[in-house]
Amino acid sequence: MTAAPIPPTPAHVVRTRWLLGIGLVVMLALAVLALVTMNLPTWSRVQSGLERNLVPLLRGFVNPAWHVFELASRSMLETMFMAVIGTTIAGIIAFPLSFLAAGNLLGNARFALPGKGLLVGVRTFPEILLAIIFVAAAGPGPTAGIMAMGIHSIGFLGKIFSDVIEGIDAGPNEAIRAAGGNALHVFLFSVVPQVLPEFASSLLYRFEINLRAAAVLGLVGAGGIGLPLIQRLQFRRWDEVSMFLVVIVTFIIVVDTLSSSVRRRLV
Amino acid sequence: MSAHISFHDVEVTYPGGLKALKGVTLDVSRGEFVVIVGLSGAGKSTLIRTVNNLVVPSRGDVRIEGASVTQAKGADLRRMRSDIGMIFQTFNLVRRSSVLRNVLAGRLGDVHPLRGLLGLFPKADVAYAHDCLRRVGIPEKAFVRADALSGGQQQRVGIARALAQKPSIMLADEPVASLDPPTSHAVLRDLKRIAREEGLTTLVNLHFIDMAREYADRIIGMRDGLIVFDGTADEATDQAFEDIYGRPIDESKDLRGDS
Amino acid sequence: MAIPDPNTVPLRPGFASRMLNWSTWVVLVGLFVVSLQQTGFDVEALTSGSQDFVRFFRRLVPDWTALPQIWRPLLETLQIAYLATLMGTLLGLPLIFLASYNTTVNTPVMWVARSILTVLRSIPDLLYAAILAPILAPGPLPGVVALTIFTMAVLAKLASETVESIDPGPLEALRAVGAGRNRVIVYGVLPQIAATMTSFVLYIFEINVRASVVIGYVGAGGVGFLLLRYLNFFDWGGVAALIVVIFAVVLLIDLLSVWARSRLI
Numbered sequence: 001m002t003a004a005p006i007p008p009t010p011a012h013v014v015r016t017r018w019l020l021g022i023g024l025v026v027m028l029a030l031a032v033l034a035l036v037t038m039n040l041p042t043w044s045r046v047q048s049g050l051e052r053n054l055v056p057l058l059r060g061f062v063n064p065a066w067h068v069f070e071l072a073s074r075s076m077l078e079t080m081f082m083a084v085i086g087t088t089i090a091g092i093i094a095f096p097l098s099f100l101a102a103g104n105l106l107g108n109a110r111f112a113l114p115g116k117g118l119l120v121g122v123r124t125f126p127e128i129l130l131a132i133i134f135v136a137a138a139g140p141g142p143t144a145g146i147m148a149m150g151i152h153s154i155g156f157l158g159k160i161f162s163d164v165i166e167g168i169d170a171g172p173n174e175a176i177r178a179a180g181g182n183a184l185h186v187f188l189f190s191v192v193p194q195v196l197p198e199f200a201s202s203l204l205y206r207f208e209i210n211l212r213a214a215a216v217l218g219l220v221g222a223g224g225i226g227l228p229l230i231q232r233l234q235f236r237r238w239d240e241v242s243m244f245l246v247v248i249v250t251f252i253i254v255v256d257t258l259s260s261s262v263r264r265r266l267v
Numbered sequence: 268m269s270a271h272i273s274f275h276d277v278e279v280t281y282p283g284g285l286k287a288l289k290g291v292t293l294d295v296s297r298g299e300f301v302v303i304v305g306l307s308g309a310g311k312s313t314l315i316r317t318v319n320n321l322v323v324p325s326r327g328d329v330r331i332e333g334a335s336v337t338q339a340k341g342a343d344l345r346r347m348r349s350d351i352g353m354i355f356q357t358f359n360l361v362r363r364s365s366v367l368r369n370v371l372a373g374r375l376g377d378v379h380p381l382r383g384l385l386g387l388f389p390k391a392d393v394a395y396a397h398d399c400l401r402r403v404g405i406p407e408k409a410f411v412r413a414d415a416l417s418g419g420q421q422q423r424v425g426i427a428r429a430l431a432q433k434p435s436i437m438l439a440d441e442p443v444a445s446l447d448p449p450t451s452h453a454v455l456r457d458l459k460r461i462a463r464e465e466g467l468t469t470l471v472n473l474h475f476i477d478m479a480r481e482y483a484d485r486i487i488g489m490r491d492g493l494i495v496f497d498g499t500a501d502e503a504t505d506q507a508f509e510d511i512y513g514r515p516i517d518e519s520k521d522l523r524g525d526s
Numbered sequence: 527m528a529i530p531d532p533n534t535v536p537l538r539p540g541f542a543s544r545m546l547n548w549s550t551w552v553v554l555v556g557l558f559v560v561s562l563q564q565t566g567f568d569v570e571a572l573t574s575g576s577q578d579f580v581r582f583f584r585r586l587v588p589d590w591t592a593l594p595q596i597w598r599p600l601l602e603t604l605q606i607a608y609l610a611t612l613m614g615t616l617l618g619l620p621l622i623f624l625a626s627y628n629t630t631v632n633t634p635v636m637w638v639a640r641s642i643l644t645v646l647r648s649i650p651d652l653l654y655a656a657i658l659a660p661i662l663a664p665g666p667l668p669g670v671v672a673l674t675i676f677t678m679a680v681l682a683k684l685a686s687e688t689v690e691s692i693d694p695g696p697l698e699a700l701r702a703v704g705a706g707r708n709r710v711i712v713y714g715v716l717p718q719i720a721a722t723m724t725s726f727v728l729y730i731f732e733i734n735v736r737a738s739v740v741i742g743y744v745g746a747g748g749v750g751f752l753l754l755r756y757l758n759f760f761d762w763g764g765v766a767a768l769i770v771v772i773f774a775v776v777l778l779i780d781l782l783s784v785w786a787r788s789r790l791i
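Chains as they are written, first to last, in this note's numbering: chain L, 1 to 267; chain F, 268 to 526; chain G, 527 to 791.
One chain only, chain L, in its complex shape (with noise of 0.2 Å):
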């Protein structure tokens, strides 16, 4: 069996192939560039820095510090708390403002835009920043971190929700108005229903989400388990560190999975 020449490959491919070759190529430069331009610290540094640092690290990790169980836990848990609130104020202010921004239910699909807007503007506000400028303001403590949580929270609620609300089936609404019921019916029988459980499961998302914001906050003075962690930090008590992130770590998880659980059975 004589093997045949090979076809010629057509333009098309060709192309395909220049284009991701070139792609490859731009993002290396890319990263060459930006390593080389950073002010990245001389290699020696680095290495005394580990040296310093990395073995009472390791230590500290290995022993993490049964004092400070008790302060850590009930930091975790004020963390908790403010993720409670800073979660479900969002979505009490984000359910109606989901409305105003979902292109189904306001006729025309133009008319949702401002709300859009308005919730792309939240959210695109890193949230950090928002309690970094809330502790300037409001002084440091856990409203801080709460008010930052909860707005940044509304803008993210309310693009899911918003998106649920665009994503249900007309259907429904359809029956509803043939069996000679109102908008106000069509509302309450037809799209709250359908709404609710992806609503729910949003929410304990967010909540998750909060949960380690919240911890977080505190590195910037807005209250959590980030204040006394930040503290520590710079004092380089690794074993006292390492025991507060044993407890959040922990924390976390068990939310996350108690969370995934009722989720997957919501929707």
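Keep in mind that the hints are not guaranteed to be accurate.
[Claimed, not checked] Below, in silico cross-link-like pairs of lysine-lysine (DSSO-like), each with a Cα-Cα straight-line distance of 30 Å or less:
#: 1; chain 1: G; residue 1: 683; chain 2: L; residue 2: 116
#: 2; chain 1: G; residue 1: 683; chain 2: L; residue 2: 159
#: 3; chain 1: F; residue 1: 390; chain 2: F; residue 2: 289
#: 4; chain 1: F; residue 1: 286; chain 2: F; residue 2: 340
#: 5; chain 1: L; residue 1: 116; chain 2: L; residue 2: 159
#: 6; chain 1: F; residue 1: 390; chain 2: F; residue 2: 286
[As the list claims (entries may be wrong)] Here are the simulated distance ranges between beta carbons:
#: 7; chain 1: F; residue 1: 417; chain 2: L; residue 2: 114; range: 44 to 54 Å
#: 8; chain 1: L; residue 1: 16; chain 2: F; residue 2: 433; range: 28 to 38 Å
#: 9; chain 1: F; residue 1: 410; chain 2: L; residue 2: 55; range: 35 to 45 Å
#: 10; chain 1: L; residue 1: 33; chain 2: F; residue 2: 410; range: 33 to 43 Å
#: 11; chain 1: G; residue 1: 555; chain 2: L; residue 2: 23; range: 47 to 57 Å
#: 12; chain 1: F; residue 1: 281; chain 2: L; residue 2: 231; range: 53 to 63 Å
#: 13; chain 1: F; residue 1: 433; chain 2: L; residue 2: 8; range: 23 to 33 Å
#: 14; chain 1: L; residue 1: 193; chain 2: G; residue 2: 598; range: 51 to 61 Å
#: 15; chain 1: L; residue 1: 193; chain 2: G; residue 2: 758; range: 29 to 39 Å
#: 16; chain 1: L; residue 1: 59; chain 2: G; residue 2: 758; range: 28 to 38 Å
#: 17; chain 1: F; residue 1: 417; chain 2: L; residue 2: 23; range: 48 to 58 Å
#: 18; chain 1: L; residue 1: 187; chain 2: F; residue 2: 410; range: 50 to 60 Å
#: 19; chain 1: L; residue 1: 178; chain 2: G; residue 2: 627; range: 30 to 40 Å
#: 20; chain 1: G; residue 1: 687; chain 2: L; residue 2: 172; range: 40 to 50 Å
No lab work stands behind these hints: they were computed from the structure. Every residue, glycine too, gets a C-beta built ideally from N, C-alpha and C.
Put chains F and G on the given structure of chain L with help from the hints.
Same frame as chain L, but now just chains F and G:
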């Protein structure tokens, strides 16, 4: 001549207790075109998959030219598999990749490891892949996305991929069950032609009796994990098929539903 | 078939409706109240203090002369996000494949990989930066390392479902051809997940840009450090200018990312 493929008292029990094969002993000679028929659940797919060890027998041994494929592991198993081509009922092509890339995947068992990972196949392999496509009749589809093809064409790509392996054995697990009758016959005709041209030892699972009789050199009937018939197409009378399927074969009776 | 008699066939409420019944509401409201108590979240103080609030925000007039100071750290911020996303993806992919049941080496390895990823995922990004900053010398390095680890964890969560739900048929075919595990992944798995993965990576880049804006506050490089300095010196004009710039950049990246992702599907 010693058997090309030999099954020695092969038993397969799936976890959960289902006994798919209950002791199969069989010899297949080089170059035979064997069709296996039987109801769903009779053990056809399991039997075929023990040849390239995609299903590992719980007891017994399958040997290819005397070397056990059941005991083979790692690189040895992969080498033996590269000598066995397989086509599937659902074609099993990588849908988003091009036809040519799918066929080239057949060379993965032989190509140098690094080249295989990076997708840099030697020119000879690319030429051979195009050739395989030509032999199944669709050379112009080389750069088309695999899922843009019709069912019959996709199966042809599957055959081309198996051919690209330069195998000595061909396994076909219900290759035409997803295709309409005219296309099924076309694909089977191609399969038989290629098997003859290459001298491939072929095992094909089929549902339909008429196709089995038309294309097989040898028919093996299975029922409940055992071989109940082994003979030529002429010997496969309606009576014999009744044994295999466990019910009267009468063209006037509708085979679907309760009748 | 007869229509079931409604008196004999009880209607089983779904999980959702069961959840949203009385006891759940009582528990949830109780939780909320306790939270209010424990955190001292005082809505009244907020409203009464809103005067001070407004006065504070009035001071936030952007001082544009601060711009020249800003653009260099801003660039560094973007570089951190870019590098972290790139390296996190490259390092994370093998880990994801090890943690998925259809592409892993064997079961114990899969569980180890999954456990590692679970732990990594529970630590917020800023926390990584805060921990690594004292160790690796303040600057962009801890930022990159922190966000790389974070990227690996988040990508794993997003991607594991994708990897485990691909069509197993082509994988079986590739194994039948004699391909080893790595080739099965390259030829069978990657083509199926490429588009979705790229979408995830772009989304993670968005998140990383937002994170890298702030990590400077804890010493991990980028504009965050500038923010800290402005705040410490009560340079409200600088703070305002910085906020506007950050918002613009993040918005731009978000829009680009959304556009790019819509082109992928």
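So does residue 417/F sit 44 to 54 Å from residue 114/L, Cβ to Cβ?
holds, 49 Å
Distance restraint between residue 683/G and residue 116/L, which requires alpha-carbon spacing of 30 Å or less: holds, 27 Å
| request: Given the range 29 to 39 Å, decide if the beta-carbon distance of residue 193/L to residue 758/G lies inside it. | output: violated, 53 Å
With respect to the beta-carbon atoms only, verify the hint that residue 555/G and residue 23/L lie 47 to 57 Å apart. Hint holds: Cβ distance 53 Å, inside 47 to 57 Å.
field: Pairwise beta carbon distance, residue 33/L to residue 410/F, judged against the given window 33 to 43 Å
entry: holds, 35 Å
CB of residue 687/G to CB of residue 172/L, is that within 40 to 50 Å?
Cβ of residue 687/G to Cβ of residue 172/L: about 29 Å, so the range 40 to 50 Å is violated.
Margin query: Quick check: does the Cβ-Cβ distance between residue 410/F and residue 55/L fall within 35 to 45 Å?
Written below: Once the Cβ atoms are compared, 58 Å apart, the range 35 to 45 Å for residue 55/L and residue 410/F is violated.
>> Holds or violated: the 51 to 61 Å window for the beta-carbon distance between residue 193/L and residue 598/G?
In response: holds, 54 Å
* Asked: Are residue 390/F and residue 286/F close enough, with their CA atoms no more than 30 Å apart?
  -> violated, 47 Å
Can the suggested window of 28 to 38 Å be confirmed for the beta-carbon pair residue 59/L and residue 758/G? holds, 33 Å
Does the structure keep residue 390/F and residue 289/F at a Cα separation of 30 Å or less? violated, 47 Å
inquiry  = residue 116/L and residue 159/L were given as a pair; does the straight-line alpha-carbon distance stay at or below 30 Å?
reply    = holds, 7 Å
When each numbered hint is compared with the structure, violations occur for hints 3, 6, 9, 15, 17, 19 and 20.
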